[in-house]
Amino acid sequence: MRCSCAILRKPTVLNLDNHFRLLTCEVRFRNIRAIPDRKLSSNHFDSSSYVDDTIYALSTAPGRGALAIVRTSGPQSISIFNSLCPKSQNPHPRKAIVRKLHNPLNPKIVVDSAAVILFHPAPSSATGEDVLELQIHGGSATQKAVLNAISEVATVKNLPIRYAEPGEFTKRAFLNHKLELAQVEALSNELSAETEQQRQAAVRSNSQMLSMTYDSWRQKLLLARGEIEALIDFSEDQNFEEPSQKLFENVGNYIDVLLREIERFTQASYRQELLKRGVKISLLGPPNSGKSSLLNRITGREASIVCQEAGTTRDVIEIRLDIKGYLCTIADTAGLRDEHTSSNTLDTTIGIVEQEGIRRAKTIAKQSDIVILMASFEQDFSGICFIKYDHSSLSLAANASNALIVVNKCDKIISSDQKNSLIKDFQTKVTSAFSPKIPPPIIPISCHDNSSKGDLKDDNHNIQRLSSELLKVIKGITEFPVDMEDLIGVTERQRLILDEFGSHLRNFKEGMDIVIAAEHLRLAASCLARITGRGAEGDVEELLGVIFDKFCVGK
3 MRCSCAILRK PTVLNLDNHF RLLTCEVRFR NIRAIPDRKL SSNHFDSSSY
53 VDDTIYALST APGRGALAIV RTSGPQSISI FNSLCPKSQN PHPRKAIVRK
103 LHNPLNPKIV VDSAAVILFH PAPSSATGED VLELQIHGGS ATQKAVLNAI
153 SEVATVKNLP IRYAEPGEFT KRAFLNHKLE LAQVEALSNE LSAETEQQRQ
203 AAVRSNSQML SMTYDSWRQK LLLARGEIEA LIDFSEDQNF EEPSQKLFEN
253 VGNYIDVLLR EIERFTQASY RQELLKRGVK ISLLGPPNSG KSSLLNRITG
303 REASIVCQEA GTTRDVIEIR LDIKGYLCTI ADTAGLRDEH TSSNTLDTTI
353 GIVEQEGIRR AKTIAKQSDI VILMASFEQD FSGICFIKYD HSSLSLAANA
403 SNALIVVNKC DKIISSDQKN SLIKDFQTKV TSAFSPKIPP PIIPISCHDN
453 SSKGDLKDDN HNIQRLSSEL LKVIKGITEF PVDMEDLIGV TERQRLILDE
503 FGSHLRNFKE GMDIVIAAEH LRLAASCLAR ITGRGAEGDV EELLGVIFDK
553 FCVGK
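With the numbering used here, you'll find the sequence shown wraps up at 557, consecutive numbering, no jumps.
Derived from the structure by calculation, the hints contain no laboratory data. Watch out, some of these pointers could steer you wrong.
20 Å max Cα-Cα, derived PhoX-like pairs, lysine-lysine [what the hints assert, rightly or not]:
(1) Lys159 <-> Lys110
(2) Lys426 <-> Lys439
(3) Lys89 <-> Lys278
(4) Lys439 <-> Lys222
(5) Lys89 <-> Lys102
Computed Cβ-Cβ distance ranges for the label pairs, DEER-style [as the list claims (entries may be wrong)]:
(6) Pro95 <-> Gln466: 33 to 39 Å
(7) Met214 <-> Arg495: 53 to 59 Å
(8) Lys222 <-> Arg201: 42 to 48 Å
(9) Arg96 <-> Ser505: 46 to 52 Å
Virtual Cβ for every residue (Gly too), placed ideally from N, Cα, C.
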């Protein structure tokens, strides 16, 4: 009779070592096997000929240059060398030589007058296979001639040589255990890095720390599964060192630890994705408050039309730029206005086009990581000064994850006392809107000074202060705290799978039936296999095709 028991509320400490013997029993467990690492093939490649094929590709950017590099990988790399250099002895491993490259169909034809050649034999190579590297002259015609010559080797000698698929060199490195899947994803991020912070994060994540963490989870989860499966198959066996309920609750105690680790990983993946895709910043405020002028100051060019006529910007203008090494996308939006905004103006009519612009502005603001609320110092017809702002913009900023508040046109107010009084009154309204959150400080600026356009270091009108506050917020949402530095490299793909992984673990905790609980652990192990690309069952082959397709040909 099978045991069906609940997890006790006060679990004791799990000692998995005491029960490792369960995995070595000669009795067959139901659905529990330690599946060894195996080489996996993707549906993207022809798995029947994948191992035997020798691949080649241009590994440098196409086009004219001083040098170009052509690489081969596979068992026919030496045959390619012998065909291109028919009168030369085989190269010594990892020793550079200079040779002429000849056409295999007609050895009298020289395709490159002097190429530096390096040979890396298996398994001591980047891919784990024989690798031949040809450093040739960088002219486009020379590149084409050498690539054609390699393809002719396949024709002349009837060898399985073909041009590489995107990312196939890296894929072979993974399949031959030269790289872990987490390292592959870090390498992809390094190749696509646009800013210094992206590069630094990719370099730091290109280590085995994440892989070791995932593998330790997998090993411990395998042991936990052994506990549960043994409990199912041997529930009537009285030879257990601990009662069945205690074994079950000990596994639950370990699952709690895993769930806490997953929460840390989820937080890390959000920061990693911000660095990768860029921080989204939106400029929000009433018409003619200076949003376009501020965008032009930040970018250092006329990215957006500036005019005294209100409503000049009708659509969202997005600019990607590097701010102190951080990739950012700044959106200039249409001015938002309502009856409060228009009370000091004659025109209160909002047309159809402006309505659509306002709708898009609100949508962009809700999707932004940082909202910069723009207000402005103005004067009414009687000369009375006030701060013009939009209530809906203030509400959006208050509900945003991160916000900055800027009051433009401070050069219009000569009296410091008057300026401070207006800001104090506005601060009261801001505090009320942000309650119970602590509101950001109000920064008075002026975008009027064209002499320092594009130079955010200039502090003539508080531009430097705005720059510092913006950079502080960007760092706060992207930099990893000290206790999370070991999680650098967690990607969005990994986070989504970890969410599923955590869901199965929570279902295990909530399950009353031990058989169903064991199935949740099996599904959790499958999730880890999809993250690492190795180990237990999981739809890994389709996963590898998706990942390696992101690489360029020759990598």
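Here is how each hint holds up against the structure:
1. Lys159 <-> Lys110: Status holds; Cα separation ~18 Å.
2. Lys426 <-> Lys439: Holds, because 18 Å separates the two Cα atoms, which is no more than 20 Å.
3. Lys89 <-> Lys278: Roughly 49 Å separates the two Cα atoms, so the pair is violated.
4. Lys439 <-> Lys222: Measuring from Cα to Cα gives roughly 42 Å; hence the hint is violated.
5. Lys89 <-> Lys102: 10 Å, holds
6. Pro95 <-> Gln466: 33 to 39 Å: Cβ of proline 95 to Cβ of glutamine 466: about 57 Å, so the range 33 to 39 Å is violated.
7. Met214 <-> Arg495: 53 to 59 Å: 19 Å, violated
8. Lys222 <-> Arg201: 42 to 48 Å: 34 Å, violated
9. Arg96 <-> Ser505: 46 to 52 Å: 48 Å, holds
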